[in-house]
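Chemist: In order, the protein sequence lines correspond to chains A, B, C and D.
Here the working numbering is used: the first residue of the first sequence is 3, the next is one more, and so on.
Here the working numbering is used: the first residue of the second sequence is 6, the next is one more, and so on.
Here the working numbering is used: the first residue of the third sequence is 865, the next is one more, and so on.
Here the working numbering is used: the first residue of the fourth sequence is 865, the next is one more, and so on.
Don't read these hints as lab results, they were simulated from the structure.
The reader is advised that the hints may include incorrect statements.
Said to hold, decoys possible - Here are the computed lysine-lysine pairs in the BS3-like style, where the Cα-Cα straight-line distance is at most 27 Å:
no.	chain 1	residue 1	chain 2	residue 2
1	D	Lys905	D	Lys875
2	B	Lys232	C	Lys905
3	C	Lys925	D	Lys925
4	D	Lys905	D	Lys925
5	A	Lys110	C	Lys905
6	C	Lys884	D	Lys905
7	B	Lys232	D	Lys905
8	C	Lys925	C	Lys875
9	A	Lys110	C	Lys875
What the hints assert, rightly or not - Partial pick of chain D residues on the chain B-facing surface, computed with a CB cut under 10 Å:
no.	residue
10	Glu877
11	Leu879
12	Pro881
13	Gly888
14	Val935
15	Ile936
Remember, predicted model here, so these are calculated numbers, not experimental data.
Positions of the beta carbon are idealized from the N, C-alpha and C atoms, including for glycine.
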Amino acid sequence: MKIGVVTFPGSLDDVDARRAVRIAGAEAIALWHGDHDLRGVEAVVLPGGFSYGDYLRCGAIARFAPVMREVVDAAVGGMPVLGICNGFQILCETHLLPGALIRNDHCKFVCRDQRLRIESTSTAWTSAYAAGAEVTIPLKNGEGGYVADEATLDRLEGDGLVVARYVETNPNGSLHDIAGIANERGNVVGLMPHPEHAVEALCGPGTDGLAFFASVVSSWAAAESLASS
Amino acid sequence: MTTQRQLDTVTAAQQTPDVKQPWADLGLRAGEYARLQEILGRRPTSSELAMYSVMWSEHCSYKSSKVHLRQFGEQISAQMREHLMVGIGENAGVVDVGDGYAVTFKIESHNHPSYVEPYQGAATGVGGIVRDILAMGARPVAVMDALRFGPLDAADTRRVLPGIVAGIGGYGNCLGLPNVGGEVVFDPSYLGNPLVNALCVGVMRHDQIHLAKASGEGNKVILYGAKTGGDGIGGVSVLASETFDEGRTTKRPSVQVGDPFMEKLLIECTLELFAAGLVVGIQDLGGAGLSCATSELASAGDGGMHVWLDRVPLRDASLVPEEILMSESQERMMAVVQPDDVDTFLAICARWDVDATVVGEVTETGRLVIEWHGETIVDVPPRTVAHEGPVYDRPYARPSWQDALQAGSSADLGRPTSGDELRSTLLALVASPNLCDKSWVTDQYDRYVRGNTVLASPEDSGVIRIDEESNLGVALSTDCNGRFAKLDPFAGAQLALAESYRNVATAGARPMAVTDCLNFGSPEDPDVMWQFSEAVRGLAEGCRALGIPVTGGNVSFYNQTGEVAILPTPVIGVLGVIDDVTRRTPIGFQAAGLSIYLLGTTRDELDGSVWADVVHGHLGGKPPVVDLAAEQRLAEVLVEASWAGIVGAAHDLSDGGLAQGLVESCLRHDVGACIALLGDVDPFVALFSESTARALVAVGESEATQLAELCEAHGVPCGRLGVTSGHGGGAGLSVVGYFDVPLAELRVASTATLPAVLR
Amino acid sequence: MARVVVDVMLKPEILDPQGKAVLGALPRLGFGGVVDVRQGKRFELEFEGDITEERLAEVRKAAETLLSNPVIEDYTVRVEQA
Amino acid sequence: MARVVVDVMLKPEILDPQGKAVLGALPRLGFGGVVDVRQGKRFELEFEGDITEERLAEVRKAAETLLSNPVIEDYTVRVEQA
Ligand SMILES: Nc1ncnc2c1ncn2[C@@H]1O[C@H](COP(=O)(O)OP(=O)(O)O)[C@@H](O)[C@H]1O
Ligand SMILES: [Mg+2]
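I would like the entire structure built from these sequences, with the hints used as guidance.
Modeler: In structure tokens:
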């Protein structure tokens, strides 16, 4: 399987995301912000970082990058898209996902090993988790406070679109302790924590994050074998 | 336009020899100005005056420290040279870490700007050191920050600390560099003069090493990165040649604002340029901006350069040539490129949205000639600007108060004896600002980005993987105990070196090279100059004894408020190599049932200790004995033990002694410990003495004998203290016969301190 | 040279952590009487030549699509005599 | 309820990375004619009761010490009719 990882000017965790994709058994394809081309990938990761410095609003400028037009079309067409941290912010700015991410309630950047509960396993990126599984994944952000109006929050909760929730502590003031959400179809997922930093026991708090990438790989493999049989 | 009319050219300088020039306001001494006229055989043009004044400032010329720093070179033995690829003098030193990899690292201060504008001062400090590492040809892979502040509860500390920490994080996080270590130290002497020392480490293949020299007549000189603006004009000169004093607002530097996003593009763009083999020579622009870059490149190369200054892209069109030469606008680099490669070079820059302009050419005239719209405004021998500045052997003398200070030992201070007294002493120390948990600071730093961080705060060293296949890696630590340095600067420097060396070995890495950031008061004060010379002598001799070279560093003088100098603060960074990072040794006890051993010898050494400070507010006597041979033997044991996979955990003992070491190892994973103090020692001394060359190790039953044999073989004293006990909830630290403390109570004491004050 | 100023503020119903932080800091520094603080962004856009209605319309579009996120922010646009 | 607005902008000679980012983005989104952009902070301070001269003086002091750093920023204070 080919999974594309987009590099915007100021992307930082693109290297990490590509490594995670490889460890999950897929081929990592580097995608360039300025290209109108997804190079035949079957899924896309928008990695963490500070695209364009995030000086204006996180993700506000990256949203307009040429490659994003292709990403949006593909996402609407059902291609699995995972936005991590800055990628989540970009997905909200493009309105592929509802709501927005604002400055942490304590106004400081925070980097910590965060406990999460996987609330939905019916997305392309979480199918390999056990429902309700509690995992530890690094969180690092300055603007990770998830906000949306009541109606949107009710819809997210009602339709089971909250993918992951902070447990033990809410590190940034996110409403409803939301750490990640999905679109109705479940192919587009935005996540504030960094699963790509939890794929090797040596360089992170563990390997709890690997299943995000394994999920998309295995569901793709399943689909393939169906198609070929 | 006016800039044209007022332009001071070389011709004008010849025709009007008697023009009064503001050399004094620019920080030059009368003798220096005279020497300048002698070199040029005429009065300098205003542009030349600007260049020389900034390049001859303390900060750029090291005029007061040079005569002492020479020792670092002189003390290098053949053995120390073995792994040294590039030594002192370049942007940063480079060492061979094997498998064709070279590692470059350096620590640098940004103290004064961080006091004036904490966020931007600290941020641009990180930006500057990262460009130094990049200029060597390396990819920067991690940063560290060694910070010093006034008392935690002082109002000004609450102003500068949050800003400085946010600035270090804001810039480093945005660059995608993991922060893997540093220090946060509080002492009244830093009130009004905080220290911000930033370290960066980079990795490259041997054949990628680049140097700052302009060679090859006809080669083009390209300035790329941010546009040049009015930032920090004269900053360096003023900062480094005047005692900083809040009152003297006119002398306040105009602080620069950093653009980490621009720097990230600069890094990726520059690495692509290196990979494409387009760079003959390269220099970052930091202090003294273009004055420094052009003169250093020229004097290190074939000795000549012609620059068309009017081609420099400006952010502010009203800048005059003198200002353009002195501007310290951040995020700029200068490269020397063969004519045929220029187009490719510019194309790569364009792909990264990085402005690049050919501003000059390498010549063999031996002169640095700078033109402004056709008129020659600078025509000088570059070496006299960059490398042959003034050198002072400033008077120094052992301070009159030094003997009294050393005489006032801590011996007759009241010591705790009962179990209860020892227990409350422990809790007081654990909660003290200098020993407490630093997560309030370190949680604002990204430790994970790039995915190669094996160990980071609060471990003894930061450990970074540099090869994913072979698991080759490096370990780094920075340390300094300024209180010890005040009691005895010679020993103090060696103690800082010893602690940093020990921290690296404790993690399982072979110490290999040293970088240093020497923070002192005014060199014009003989007391301070003595502290400085003693510290340098101690460091140079210490490095020779340990067999690891100083590869680069930085000197920061004039760290004082009014007449009061800071504690002498020689911050030492040690780099170690670890062949297989999966074998690194962490500080935390992982499980119950491990045997805890104390390696090394504990003496009654509490002068200058944290205990003397926290409990008695006392500083006097003599620092702990330095025993570098013992440090080497201990390091041998720790490195071999981690390689052999014997040790589960190891932690060096320093500030706060055995007690603090035990607490940190227990709290890491909530594993308790039950220990019995060895022999009939005084429990207070056993727990709180800060004797050096000691470490705490935890091993499984089956490995105990191997450890004993290893220590035996290297002649390192090794005594069994006890075992790791319960995990989680009920776990505690108990010292048999004296006291028990639940870990929960220790954790509250340790973690509450910073948030209570800083929010 | 003419200047258009765009002010962007978080919608009233959205919590403003920075404003809250300032509000908390004021009394500690001895400044009283302030009951609420909101922190937003101010953009100064410089134009060659005059500000036509078309240009203002463009600025409004930019304010709506780029300078602000309508999900959480409101903006105002006004011409300023530099 | 009366409102005092404090605008804080980086001094003209100081680099403004935020404004630079916006300036760079505008043409890419098809917005032309803008020659410079500066981005600053806008603070809205709400007071109970009227704005006296004393209060304004206090706000100026707060603007100078807390809301801005005079080394790199300029500020303006004005009363706004809410
Ligand atoms: N400013 C900082 N930035 C990053 N890490 C820090 C900082 N201050 C302290 N640390 C980390 O906290 C731990 C304890 O600090 P310190 O007491 O100085 O260690 P040591 O005594 O081993 O030198 C170390 O891992 C150190 O790297
Ligand atoms: Mg240590």
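Chemist: So, for every hint listed, does it hold in this structure?
Modeler: Results of checking the hints against the structure:
no. : hint                    : in the structure
1   : Lys905(D) <-> Lys875(D) : holds (13 Å)
2   : Lys232(B) <-> Lys905(C) : holds (25 Å)
3   : Lys925(C) <-> Lys925(D) : violated (37 Å)
4   : Lys905(D) <-> Lys925(D) : holds (17 Å)
5   : Lys110(A) <-> Lys905(C) : holds (18 Å)
6   : Lys884(C) <-> Lys905(D) : holds (15 Å)
7   : Lys232(B) <-> Lys905(D) : holds (24 Å)
8   : Lys925(C) <-> Lys875(C) : holds (18 Å)
9   : Lys110(A) <-> Lys875(C) : holds (21 Å)
10  : Glu877                  : holds (4 Å)
11  : Leu879                  : holds (5 Å)
12  : Pro881                  : holds (4 Å)
13  : Gly888                  : holds (8 Å)
14  : Val935                  : holds (5 Å)
15  : Ile936                  : holds (6 Å)
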